[in-house]
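Asks: Listed here are the chains, written in short residue letters.
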Amino acid sequence: MTVHDITTTRRTFLAGAGLVIGVAIAPKFLSAAPTGVPAGGAADLKPMNAFVKIGTDDTVTVLSKHIEFGQGPFTGLATLVAEELDADWSQMRAVHSPTDNKIYANLAFGLQGTGGSSSIANAYEQMRKAGATARAMLVAAAAQEWSVPAAEITVEKGRIKHTGSGKESGFGAFADKAARQTAPAEPKLKDPKDFVLIGTDLPKLDTREKINGAAIFTLDIMPDGLLTAVVAHPKHFGAVVNSFDDTDARKVMGVVDIRQIPQGIAVYGENTFAALKARDALRIEWDLSKAETRSSAELAAEYIRHFEKPGLEATNNGDVAQAFQQPGLQTVEAQIIFPFLAHAPMEPLDAVFIKAADGSVDIYNGAQFPGFDQQVAAKILSLDETKVRVNTQLAGGSFGRKAQFGSPYMQEAASVYAAIGGDRPLKHMWTREDDIQGGFYRPMYAHKMRGAIDAKGQITAWEQIIVGQSIMAKADLDSTSVEGASNLPYRIPNLKVTSHNVTLPIPPLWWRSVGHTHTGFAVETFVDELLARVGRDPVEGRLALLDATSRHAGVLRKAAEMSDWGATLTEGRARGVAMVESFGSFVAQVAEVSVGPDGAPRVHKVWCAVDCGVAVNPNIIKAQMEGGIGYGLGAVLFDAVTLGKGGQIMQSNFHDYRSIRINEMPDVSVEIIRSAEKPTGVGEPGVPPIGPAVANAWRKLTDAPVRQLPIVSIMSS
Amino acid sequence: MVTFTLNGKERTFDGDPDTPLLWVIRDLEKLTGTKYGCGVAQCGACTVHLDGMPRRSCITPIAMIDGSDVVTIEGISGKEAEAVQTAWAGLDVPQCGYCQSGQIMSAVALLQMLPKPTDDEIDGAMTGNLCRCATYHRIRAAIHNAANSMEG
Ligand code: FES
Ligand code: FES
Chain A
2 MTVHDITTTR
12 RTFLAGAGLV
22 IGVAIAPKFL
32 SAAPTGVPAG
42 GAADLKPMNA
52 FVKIGTDDTV
62 TVLSKHIEFG
72 QGPFTGLATL
82 VAEELDADWS
92 QMRAVHSPTD
102 NKIYANLAFG
112 LQGTGGSSSI
122 ANAYEQMRKA
132 GATARAMLVA
142 AAAQEWSVPA
152 AEITVEKGRI
162 KHTGSGKESG
172 FGAFADKAAR
182 QTAPAEPKLK
192 DPKDFVLIGT
202 DLPKLDTREK
212 INGAAIFTLD
222 IMPDGLLTAV
232 VAHPKHFGAV
242 VNSFDDTDAR
252 KVMGVVDIRQ
262 IPQGIAVYGE
272 NTFAALKARD
282 ALRIEWDLSK
292 AETRSSAELA
302 AEYIRHFEKP
312 GLEATNNGDV
322 AQAFQQPGLQ
332 TVEAQIIFPF
342 LAHAPMEPLD
352 AVFIKAADGS
362 VDIYNGAQFP
372 GFDQQVAAKI
382 LSLDETKVRV
392 NTQLAGGSFG
402 RKAQFGSPYM
412 QEAASVYAAI
422 GGDRPLKHMW
432 TREDDIQGGF
442 YRPMYAHKMR
452 GAIDAKGQIT
462 AWEQIIVGQS
472 IMAKADLDST
482 SVEGASNLPY
492 RIPNLKVTSH
502 NVTLPIPPLW
512 WRSVGHTHTG
522 FAVETFVDEL
532 LARVGRDPVE
542 GRLALLDATS
552 RHAGVLRKAA
562 EMSDWGATLT
572 EGRARGVAMV
582 ESFGSFVAQV
592 AEVSVGPDGA
602 PRVHKVWCAV
612 DCGVAVNPNI
622 IKAQMEGGIG
632 YGLGAVLFDA
642 VTLGKGGQIM
652 QSNFHDYRSI
662 RINEMPDVSV
672 EIIRSAEKPT
682 GVGEPGVPPI
692 GPAVANAWRK
702 LTDAPVRQLP
712 IVSIMSS
Chain B
-16 MVTFTLNGKE
-6 RTFDGDPDTP
4 LLWVIRDLEK
14 LTGTKYGCGV
24 AQCGACTVHL
34 DGMPRRSCIT
44 PIAMIDGSDV
54 VTIEGISGKE
64 AEAVQTAWAG
74 LDVPQCGYCQ
84 SGQIMSAVAL
94 LQMLPKPTDD
104 EIDGAMTGNL
114 CRCATYHRIR
124 AAIHNAANSM
134 EG
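These protein sequence lines map, in sequence, to chains A and B.
Under our numbering, think of the first position of the first sequence as 2, with each following residue one higher.
Under our numbering, think of the first position of the second sequence as -16, with each following residue one higher.
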């Protein structure tokens, strides 16, 4: 998603957003919430501001307004605080902040939320200010206690010192006193050249609990008296329950109740297995009258028909129609079909509801937009919003799946909880089958591209038509459908990009890198084909279409240099390159590929260059590039959710919605371009280039351009 | 009634004999390090050691394990476990972390059998463990580091 889309959609939240520091909040319920990462042990934690608490045991706890589901905001935000606080890394801790759309707003969105690879970018100054404020308050407290001028006090690695008097202390001794100081309005921030933590490789704060089984995810919350519920869903999008027979299901040992809810049939058990077994024993008649009954192939045929109609204009530079009529041109055409993709985070969607003595409700879930979850749950539970607390938990991945306007998942979970009265604590969970068949996919898209090359070998015109669902549910142009194509980085005098919005009962959603998942593939494979047509080298040819000083060119040159582009390769191998800018970060990748023994692409090695401005945590940036490459590669090689004849969803679990496995993961080298630009995101930008880089190598190996994804299923069909 | 040991302690179970070991460990024993990811032996998130061998607890009916010895991520010990966890921390392998208990259980079992695995042997032992965050590159490196550290 782009930051712009979220801000425009949620403009109402913008009022009052901005830097909020010095608001001390004491969320009592948080202390009861298991979050998986210790908040400084049993010591008393004194709030310095909304983001920083200092414990009497010297620990510093950062309240992360962003959810930690693997992209590293706990460590990243804590690094920013620690830098300005002059803390020692060993004293840093992180927990999720409570839910508050104002105090904990994503400054790029105007409400609390994680996404668009924006965590570090939006919080870069805010968290540094929070650290600098806390430092100033500690110094003021020490100056008072020691009766020395604050200006003479230094702080280094978690120690407060006054050289003149020889006094020295940790943070903990002053925590209480510091919390009662007035926060400075504009604390002074460090000159980046004085950074000691930012830009270094610090151990991640959440690693230890994630390797000994202690980390608590939503699924792990087990209050006494817990009911576990699953829901039987239809196998067709848009189907609803006609009738059901639960006679056998009710006989299953441990079943507590079975209720119909708007999303299907909810089954409640004393334990997970009872609920699952009873769900299998249900007999349900579905009403398909409003369901999608077309197959994926039928949908594709319909998408292609849109190519002939006028579309929504995204870009129109020069005069494409005229450019294609020039004499002596070579033209190249391509049509590419992209499938629906499920996100398949490792932890399927889940939520836990616990009613407090006063009738208010605590919800524990992997909340990516916690404010929406709160609003939706309050409405369904008929409670005031202040009586519903959303406690964000560590989540086993998301890749976009948990970032939903209107919180449709929470609508289901809260309906399940409401339907049984809500006196007992309840966990609602999706199984993997619910997840793969649950919709909210990266939409299916069809692209048509046309390029013209003149007699001198110059690309003179580029036309691109994109057909697919609008993720933002727009009637007019949806920028998430065309991003990456409408702002084509290459200098081509005549450029026209249009799109067509298609409406289906299959709910769409952003999937790690959103529009770039398909535009990056289409643009980078097509430019490669055009260059190949005139015998240009893929790297040199791209560079000739870019500004030599641009960051695009910078990462491209770096990836070429890292891979020793042009070197003689082992027999049977070929290399492809791709470069995509997304979310303000620039990434180029070179992939070395051969035809594997099973006839499928075997990716041996990937070289990746990234420019994301100031590199706050190089180790996390590299991990996100590695992970993005693996996630993107699995999708282009194997993944598609398809509708069969009659519209039935054909995939259901990891056996037919394949994920990349360790034996298919290439060796990856990452280099980060040194930069003084403001930091930009890394959670998504590693994904888009890998698909086209592999496809470009594959075209060299097989002479066949990739026109349909995933690559592997085409070959087997 | 099924009797087994779990992390060295004797346990009994007399509920539905079809119940997979996974849900006994999690729902009844409240050991939550062992995760659910697929329920059909496709992802490895639920991997435990059953009589010393890695086993997908999601497809192991509790009735099958009478008299067996079950070890979960919370109960692993010994030089391989220590080497693996140290190597994992050294490379900051986990991202979301949800698959990592299973990865570690498979890696520890691998090193118990083959103290110095080759890349192919790592592939053979670890292909059953999915990581949607694709931390595979570091998993491989961490297994090699763990093997090297045990030599020294
Ligand atoms: S949950 Fe057992 S293998 Fe996936
Ligand atoms: S670390 Fe997220 S699934 Fe492996």
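These are computed hints drawn from the structure, not numbers from a lab.
Given the structure is predicted, the values throughout are model-derived calculations rather than measurements.
Mixed in with the good hints there might be a few duds.
Stated by the list, open to error - Distance windows between CB atoms, simulated:
#1 B:Glu65 <-> A:Asp177: 48 to 54 Å
#2 A:Glu187 <-> B:Thr101: 54 to 60 Å
#3 B:Met(-16) <-> A:Gly573: 41 to 47 Å
#4 B:Lys13 <-> A:Lys388: 27 to 33 Å
#5 B:Thr101 <-> A:Ala705: 31 to 37 Å
What the hints assert, rightly or not - With a straight-line Cα cutoff of 25 Å, these simulated SDA-like cross-link-like pairs (lysine to any residue) come out:
#6 A:Lys278 <-> B:Thr(-14)
#7 A:Lys356 <-> B:Glu12
#8 A:Lys701 <-> A:Val596
By construction, the Cβ of each residue, glycine as well, lies at the ideal position given by its N, Cα and C atoms.
Asks: Each hint needs a verdict: does it hold in this structure or not?
Replies: A quick look at each hint next to the structure:
1. At about 40 Å, the beta-carbon gap between B:Glu65 and A:Asp177 misses the expected band of 48 to 54 Å.
2. Restraint check, A:Glu187 to B:Thr101: a C-beta distance of roughly 59 Å satisfies the suggested window 54 to 60 Å.
3. Taking the beta carbon of each, B:Met(-16) and A:Gly573 are about 60 Å apart, not inside 41 to 47 Å as hinted.
4. The beta-carbon spacing between B:Lys13 and A:Lys388, approximately 29 Å, falls within the hinted interval of 27 to 33 Å.
5. Remark: the range hint 31 to 37 Å for B:Thr101 to A:Ala705 is upheld by a beta-carbon distance near 34 Å.
6. About 23 Å separates the Cα atoms of A:Lys278 and B:Thr(-14), which keeps this hinted pair within 25 Å; it holds.
7. Taking the CA atoms of A:Lys356 and B:Glu12, the gap is about 24 Å. The hint holds against a cut of 25 Å.
8. Between A:Lys701 and A:Val596, the direct Cα distance comes to roughly 11 Å. Compliance with the 25 Å bound is thereby established for this hinted pair.
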